[in-house]
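S.K.: Order-wise, the sequence lines are chains A and B. Take the first sequence: its letter number 302 is residue 304 in my numbering, and every next letter is one higher. Take the second sequence: its letter number 199 is residue 393 in my numbering, and every next letter is one higher.
Please keep in mind that the hints were generated in silico from the structure rather than gathered at the bench. Just so you know, not all the hints are guaranteed correct.
[Stated by the list, open to error] Computed list of chain A residues with no C-beta within reach of chain B, every gap over 10 Å: (1) A17; (2) P90; (3) Y360; (4) E368; (5) L513; (6) R543; (7) G572; (8) E591; (9) D592; (10) R725; (11) L730; (12) A742; (13) P752; (14) E753.
[As the list claims (entries may be wrong)] Calculated cross-link-like contacts (lysine-lysine; reagent style DSS-like; alpha-carbon spacing at most 27 Å): (15) B:K310 with A:K750; (16) A:K390 with A:K305; (17) B:K422 with A:K382; (18) A:K596 with B:K345; (19) A:K573 with B:K247; (20) A:K746 with B:K422; (21) B:K422 with A:K691; (22) A:K746 with B:K310; (23) A:K584 with B:K247; (24) A:K596 with B:K422.
[Stated by the list, open to error] Partner residues aside, some chain B positions facing chain A, computed with beta carbon under 8 Å: (25) R203; (26) H204; (27) F205; (28) V207; (29) G212; (30) S236; (31) E240; (32) K247.
From the three backbone atoms N, C-alpha and C, an ideal C-beta is built for every residue, glycine too.
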Amino acid sequence: MTPRIEKLRKQSLEAPCVLSPERALLVTEYYKNNEPEIHSVPVQRALALRHILSGKSICINPNELIVGERGPSPSAVPTYPEICLHSPEDLDIISSRPKVSFKVDEKFRKAYRDVVIPFWSGRTQRDRIFNNINRSWQEAYRAGVFTEFLEQRAPGHTVAGKDVFKKGMRDFREEIHEALSQLDFHNDPNAFEKREELKAMDITACALMEYAKRHAGELDKMAEEEKDASRAEELHQMAQICKRVPSGAPSTFHEALQHYWFIHLAVITELNPWDSFNPGRLDRHLYPFYSRELAEGTLTREKAAELLQAFWIKFNNHPAPPKTGVTAEESNTYSDFALINLGGLNEDGSDAVNELTYLILEVIEEMRLVQPGSMIQASKKNPDRFIKKALEVAEKGFGQPSFFNTDAIIQQLLSQGKSITDARNGGASGCVETGAFGTEAYILTGYFNLNKVLEITLHGGTDPRSGKKTGLETPDLSSFKTFEELYEAFEKQLNHFAEIKTGGNNIIEKLYATYMPAPFLSLITKDCIKKGRDYNAGGARYNTRYIQGVGLGSITDNLTALCLHVFDEGKVPVRQLLDAIKADFKGYEDLRHKLVYNTPKWGNNDGYADRFAVKVFNSFHDAFNGKSTPYGGTSRINFLPTTCHVYFGSVTGAMPDGRPAGEPFSEGISPVQGADTKGPTQVILSAAKIDHVKTGGTLLNQKFSPSFFKKGENAGKMISFVRTYFKLDGHHIQFNVIDAETLKKAKKSPEKYRDLIVRVAGYSDYFNNLGETLQDEIIKRTEHGDM
Amino acid sequence: MKGIIFDIRHFSVNDGPGIRTTVFFKGCPLRCRWCHNPEGQSFDPESYTRINKLTGREFEVREVAGNSVSVSQVMGEIEKDIPVYDESGGGVTFSGGEPLGQPAFLMALLNACAGKQIHTAVDTCGYAGKKDFEQVIPLTSLFLFDLKIAKDEEHKRHTGVSVTPVLRNLENAAAAGKEIIIRIPLVSGITDTGHNLSRLRDIAASFSGVSRVDLLPYHSTGICKYPKFGRSVAMDCKNGYDENRAEKIKEFFLEKLPEVTIGG
Numbered sequence: 003m004t005p006r007i008e009k010l011r012k013q014s015l016e017a018p019c020v021l022s023p024e025r026a027l028l029v030t031e032y033y034k035n036n037e038p039e040i041h042s043v044p045v046q047r048a049l050a051l052r053h054i055l056s057g058k059s060i061c062i063n064p065n066e067l068i069v070g071e072r073g074p075s076p077s078a079v080p081t082y083p084e085i086c087l088h089s090p091e092d093l094d095i096i097s098s099r100p101k102v103s104f105k106v107d108e109k110f111r112k113a114y115r116d117v118v119i120p121f122w123s124g125r126t127q128r129d130r131i132f133n134n135i136n137r138s139w140q141e142a143y144r145a146g147v148f149t150e151f152l153e154q155r156a157p158g159h160t161v162a163g164k165d166v167f168k169k170g171m172r173d174f175r176e177e178i179h180e181a182l183s184q185l186d187f188h189n190d191p192n193a194f195e196k197r198e199e200l201k202a203m204d205i206t207a208c209a210l211m212e213y214a215k216r217h218a219g220e221l222d223k224m225a226e227e228e229k230d231a232s233r234a235e236e237l238h239q240m241a242q243i244c245k246r247v248p249s250g251a252p253s254t255f256h257e258a259l260q261h262y263w264f265i266h267l268a269v270i271t272e273l274n275p276w277d278s279f280n281p282g283r284l285d286r287h288l289y290p291f292y293s294r295e296l297a298e299g300t301l302t303r304e305k306a307a308e309l310l311q312a313f314w315i316k317f318n319n320h321p322a323p324p325k326t327g328v329t330a331e332e333s334n335t336y337s338d339f340a341l342i343n344l345g346g347l348n349e350d351g352s353d354a355v356n357e358l359t360y361l362i363l364e365v366i367e368e369m370r371l372v373q374p375g376s377m378i379q380a381s382k383k384n385p386d387r388f389i390k391k392a393l394e395v396a397e398k399g400f401g402q403p404s405f406f407n408t409d410a411i412i413q414q415l416l417s418q419g420k421s422i423t424d425a426r427n428g429g430a431s432g433c434v435e436t437g438a439f440g441t442e443a444y445i446l447t448g449y450f451n452l453n454k455v456l457e458i459t460l461h462g463g464t465d466p467r468s469g470k471k472t473g474l475e476t477p478d479l480s481s482f483k484t485f486e487e488l489y490e491a492f493e494k495q496l497n498h499f500a501e502i503k504t505g506g507n508n509i510i511e512k513l514y515a516t517y518m519p520a521p522f523l524s525l526i527t528k529d530c531i532k533k534g535r536d537y538n539a540g541g542a543r544y545n546t547r548y549i550q551g552v553g554l555g556s557i558t559d560n561l562t563a564l565c566l567h568v569f570d571e572g573k574v575p576v577r578q579l580l581d582a583i584k585a586d587f588k589g590y591e592d593l594r595h596k597l598v599y600n601t602p603k604w605g606n607n608d609g610y611a612d613r614f615a616v617k618v619f620n621s622f623h624d625a626f627n628g629k630s631t632p633y634g635g636t637s638r639i640n641f642l643p644t645t646c647h648v649y650f651g652s653v654t655g656a657m658p659d660g661r662p663a664g665e666p667f668s669e670g671i672s673p674v675q676g677a678d679t680k681g682p683t684q685v686i687l688s689a690a691k692i693d694h695v696k697t698g699g700t701l702l703n704q705k706f707s708p709s710f711f712k713k714g715e716n717a718g719k720m721i722s723f724v725r726t727y728f729k730l731d732g733h734h735i736q737f738n739v740i741d742a743e744t745l746k747k748a749k750k751s752p753e754k755y756r757d758l759i760v761r762v763a764g765y766s767d768y769f770n771n772l773g774e775t776l777q778d779e780i781i782k783r784t785e786h787g788d789m
Numbered sequence: 195m196k197g198i199i200f201d202i203r204h205f206s207v208n209d210g211p212g213i214r215t216t217v218f219f220k221g222c223p224l225r226c227r228w229c230h231n232p233e234g235q236s237f238d239p240e241s242y243t244r245i246n247k248l249t250g251r252e253f254e255v256r257e258v259a260g261n262s263v264s265v266s267q268v269m270g271e272i273e274k275d276i277p278v279y280d281e282s283g284g285g286v287t288f289s290g291g292e293p294l295g296q297p298a299f300l301m302a303l304l305n306a307c308a309g310k311q312i313h314t315a316v317d318t319c320g321y322a323g324k325k326d327f328e329q330v331i332p333l334t335s336l337f338l339f340d341l342k343i344a345k346d347e348e349h350k351r352h353t354g355v356s357v358t359p360v361l362r363n364l365e366n367a368a369a370a371g372k373e374i375i376i377r378i379p380l381v382s383g384i385t386d387t388g389h390n391l392s393r394l395r396d397i398a399a400s401f402s403g404v405s406r407v408d409l410l411p412y413h414s415t416g417i418c419k420y421p422k423f424g425r426s427v428a429m430d431c432k433n434g435y436d437e438n439r440a441e442k443i444k445e446f447f448l449e450k451l452p453e454v455t456i457g458g
């Protein structure tokens with residue numbers, strides 16, 4: 003790391019997260035003073051973005067190479083009152099909560115009190131949603147059956163395609179003008195809407211060009227005033243770059259990064275889309291610039307690394323906008339889920355790994371930042387040394403990169419109807435979500451609490467937490483004669499809540515299309531220009547609505563416990579189980595012990611348990627998959643939790659697998675915490691039993707001790723471990739390399755860490771199996787980093 | 195046919211090539227003082243008390259180490275991992291206890307694995323009847339062969355049996371052209387004397403089939419298991435093996451052998 007990067011990195015890590023009123027004031031000013039109603043909604047939105055970009059402060063930090071901040075300084079985070087208005091009470095919570103808090107100063111509070119709240123109160127997108135949605139939806143939402151992604155943040159969940167690196171705003175404008183000239187008002191009844199949308203896109207393209215020019219002007223000024231000659235020259239060059247991009251297409255490595263960054267800023271300033279935005283297949287996009295400049299001698303490997311590191315820091319300067327309520331619970335992070343993709347395939351199906359791929363992996367390792375996230379796409383065509391290099395970075399224990407199966411992703415995209423080229427240009431974003439980059443709007447719309455549905459089923463349609471009849475009236479557990487009857491009731495409740503959720507989606511998606519178009523995001527997403535349609539109204543070539551299942555491991559273990567103890571063996575009377583659940587197992591400790599320790603569990607390649615995972619997976623899939631959305635899209639499923647397994651756990655009582663009330667559920671498709679006692683191969687063999695190709699992504703988390711990676715010979719075994727899972731169509735796996743802190747927790751609560759494997763000396767063993775002395779020794783060794 | 199096994203471990207990465215499944219046979223003719231698998235010593239199932247902890251409470255559970263299982267039951271577990279063997283170049287390792295303590299069962303399993311084209315390794319102390327051992331040799335692809343003490347009298351003192359049959363079986367395996375990995379436990383003052391190590395090195399170096407020597411530094415994990423099985427600790431050694439000493443021994447072996455690891 004060069005001294006410059008060290009300074010920038012330090013500044014980024016130390017910048018306090020604060021709320022900035024700048025954007026909120028500018029957007030309010032636009033709507034208040036500019037008679038927006040004389041324009042169509044898309045044009046209003048475009049003019050609002052232009053107003054923000056032309057009025058916001060320009061921030062150029064000392065030593066920077068890539069410029070542009072969403073707020074007035076690093077980690078100064080704007081708000082989006084037209085989507086979600088924070089009340090004074092919200093601001094108190096945001097500023098005082100122990101996790102993921104933001105400083106809120108008096109200036110911000112005053113701006114909100116005097117200007118922002120009075121104007122937006124009652125007229126935000128969030129108000130529209132809650133005013134228009136059905137009561138049954140509201141009840142299920144309050145009960146914690148599902149969440150709603152779009153109540154505080156705009157649809158996003160998309161990734162830049164190759165065009166973004168090949169075209170400038172002038173090129174996009176030409177396309178827009180071409181589309182405008184093709185409009186046929188005589189024969190096309192929608193020509194007017196198309197014209198307004200295209201006009202709006204054109205305004206945003208110009209707005210971004212102007213915004214970049216303001217940076218160029220500031221840089222020129224700084225260059226003149228700069229005493230250090232070499233920095234002055236650098237500033238001068240940066241000014242030249244900001245004059246060329248994003249107006250024109252980038253022609254150098256440095257320009258490509260700066261070009262993308264301006265586009266990124268426009269996307270996350272226009273609205274607060276989920277998953278910020280993301281350059282996608284970065285090694286592929288940048289390689290032409292890199293290889294050409296390296297050959298021409300205008301760039302070195304070291305300089306490229308420094309520019310990439312500067313680029314990384316820009317992401318880290320941009321925490322997710324503040325979230326409150328259920329949105330904060332489901333996604334309680336500063337991370338805004340930009341996920342850089344490396345490796346995978348080229349459009350022609352060949353191996354896409356190049357020299358830059360390895361360089362970027364080195365950057366990831368050296369930067370050690372939470373943002374941007376990173377992943378590798380591993381195809382059967384990618385070389386082992388690529389996976390090995392990625393494992394070496396993963397071993398460092400900060401959870402990056404994660405590992406994705408390109409060949410499964412391509413199968414998923416093809417089965418969803420994408421062309422082979424678009425599928426090969428795709429990847430995963432956010433946590434694990436599959437998408438065709440640059441051509442698809444794949445919008446996550448909410449987590450779904452599978453276990454809550456089971457809890458409601460076990461209580462005949464009543465939510466025991468509220469006592470309300472949230473579900474359908476079905477017979478309660480004591481009246482079921484067979485497990486099949488129970489499962490049938492569960493499926494009925496599942497379909498019932500799926501209908502409620504889908505109904506809500508149909509309303510919310512209409513509201514976004516009508517009131518909250520995103521002309522800038524549309525401009526860079528294919529085929530919005532061609533169709534003259536907005537990203538939020540089905541303008542993209544492909545449109546997908548995703549619902550995220552949560553707690554597959556938990557529900558599998560719950561159904562297994564019910565089937566085994568109540569029906570197959572019949573040794574636990576239904577009444578007793580229901581009483582124990584009601585009592586949160588107080589006074590039923592022996593029963594709980596049996597449920598936890600003497601019941602097959604998901605993640606052990608045990609057919610008895612695993613068949614329920616497959617069954618629930620298929621029911622969940624069938625409940626949602628294939629439904630049409632209002633704008634020509636299709637509803638699909640994936641399995642990821644962010645932090646929602648904690649929230650869903652907090653609203654659900656004790657469960658038949660022995661989990662006490664309020665405790666988190668399992669995450670993604672991973673086994674219940676500590677329930678996988680047969681080692682990692684049995685976990686992947688279990689996980690591969692569900693049909694990953696029918697999803698848009700699944701998340702599997704696997705713990706390993708750092709020592710396991712240390713041994714040279716094990717590297718090859720880890721590669722084959724990953725490849726085994728991927729051969730079986732597994733979508734994603736991430737390695738959670740265990741630190742001393744985890745080992746200490748494991749010593750204290752062994753039942754939660756039954757899966758924890760450590761390397762002892764010449765062999766590995768379960769941590770719980772070790773005597774206390776040895777446990778302490780291993781903790782000590784891990785602390786010293788020489789394990 | 196049935197045999198007694200006390201564990202099947204998946205994801206074994208230290209018991210031969212690739213990712214393996216290890217089947218632990220119950221019963222061992224040796225009583226090494228440093229043994230870290232006391233549950234593998236007796237040939238009979240043994241009950242013991244396991245303590246399960248749950249939210250601070252302890253539950254005592256009577257468990258049995260050692261189940262009588264059929265060949266097809268064990269094969270069922272082994273075959274589950276075929277995708278893993280295929281990808282990693284792994285297979286099954288029969289360990290223990292001593293797999294040759296139940297020779298007919300071992301041979302039946304080796305034959306069944308051969309039928310499924312699954313790579314096999316036999317992790318043995320080498321103390322077995324001549325005929326049994328000779329029958330096993332053609333059935334396995336690899337031996338993980340323990341060598342502890344070269345001098346018969348000392349071998350008897352620390353393991354309870356003579357080293358002569360061990361060396362004879364090793365010689366026969368080598369003569370048959372089998373790949374052999376020699377594994378030497380490093381126990382301070384017992385196996386790691388200069389004299390013993392030099393003898394063991396000569397033995398290992400004398401067979402061309404020996405592809406590698408694994409030095410296994412003594413560790414104290416077994417200690418906590420002894421009382422569980424109603425045995426008093428045969429040897430008390432709280433400290434781990436001196437790492438520098440292990441490194442030096444590795445260097446010493448490398449003088450005459452192509453590949454030496456610490457820890458296998």
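S.K.: All hints, please: hold or fail.
M.R.: We went through each hint and held it up to the structure:
1. A17: A:A17 is indeed farther than 10 Å from all Cβ atoms of chain B, at 41 Å.
2. P90: Given that every Cβ of chain B is farther than 10 Å from that of A:P90, nearest at about 41 Å, it holds.
3. Y360: holds, 24 Å
4. E368: holds, 29 Å
5. L513: Check passes; 46 Å lies beyond 10 Å.
6. R543: holds, 36 Å
7. G572: holds, 22 Å
8. E591: The assertion about A:E591 is violated, with a minimum of 6 Å to chain B.
9. D592: violated, 8 Å
10. R725: Nearest chain B Cβ is 5 Å from A:R725, so the label is violated.
11. L730: For A:L730, whose nearest Cβ neighbour in chain B is about 6 Å away, the distance does not exceed 10 Å, so it is violated.
12. A742: holds, 17 Å
13. P752: For A:P752, whose nearest Cβ neighbour in chain B is about 5 Å away, the distance does not exceed 10 Å, so it is violated.
14. E753: A:E753 is in fact no farther than 10 Å from some Cβ atom of chain B, at 5 Å.
15. B:K310 with A:K750: Violated. B:K310 to A:K750 sits at ~44 Å, over the 27 Å cutoff.
16. A:K390 with A:K305: Given pair A:K390, A:K305 holds - Cα atoms ~25 Å apart, limit 27 Å.
17. B:K422 with A:K382: Distance of about 48 Å is beyond 27 Å: violated.
18. A:K596 with B:K345: violated, 51 Å
19. A:K573 with B:K247: The hint holds at about 23 Å.
20. A:K746 with B:K422: Distance ~24 Å between A:K746 and B:K422 Cα, so the pair holds.
21. B:K422 with A:K691: violated, 38 Å
22. A:K746 with B:K310: violated, 43 Å
23. A:K584 with B:K247: holds, 22 Å
24. A:K596 with B:K422: Distance of about 22 Å is within 27 Å: holds.
25. R203: Holds. Min distance 7 Å.
26. H204: Check passed: Cβ of B:H204 comes within 4 Å of chain A, closer than 8 Å.
27. F205: Holds. Min distance 4 Å.
28. V207: Since the shortest Cβ distance to chain A is 5 Å, the answer is holds.
29. G212: holds, 7 Å
30. S236: Nearest chain A Cβ about 20 Å off; hint violated.
31. E240: At about 17 Å, which exceeds the 8 Å cut-off, the nearest Cβ of chain A leaves the hint on B:E240 violated.
32. K247: At 5 Å from the nearest chain A Cβ, B:K247 passes the 8 Å test, so the hint holds.
Of the hints listed earlier, those the structure fails to meet are numbers 8, 9, 10, 11, 13, 14, 15, 17, 18, 21, 22, 30 and 31, in rising order.
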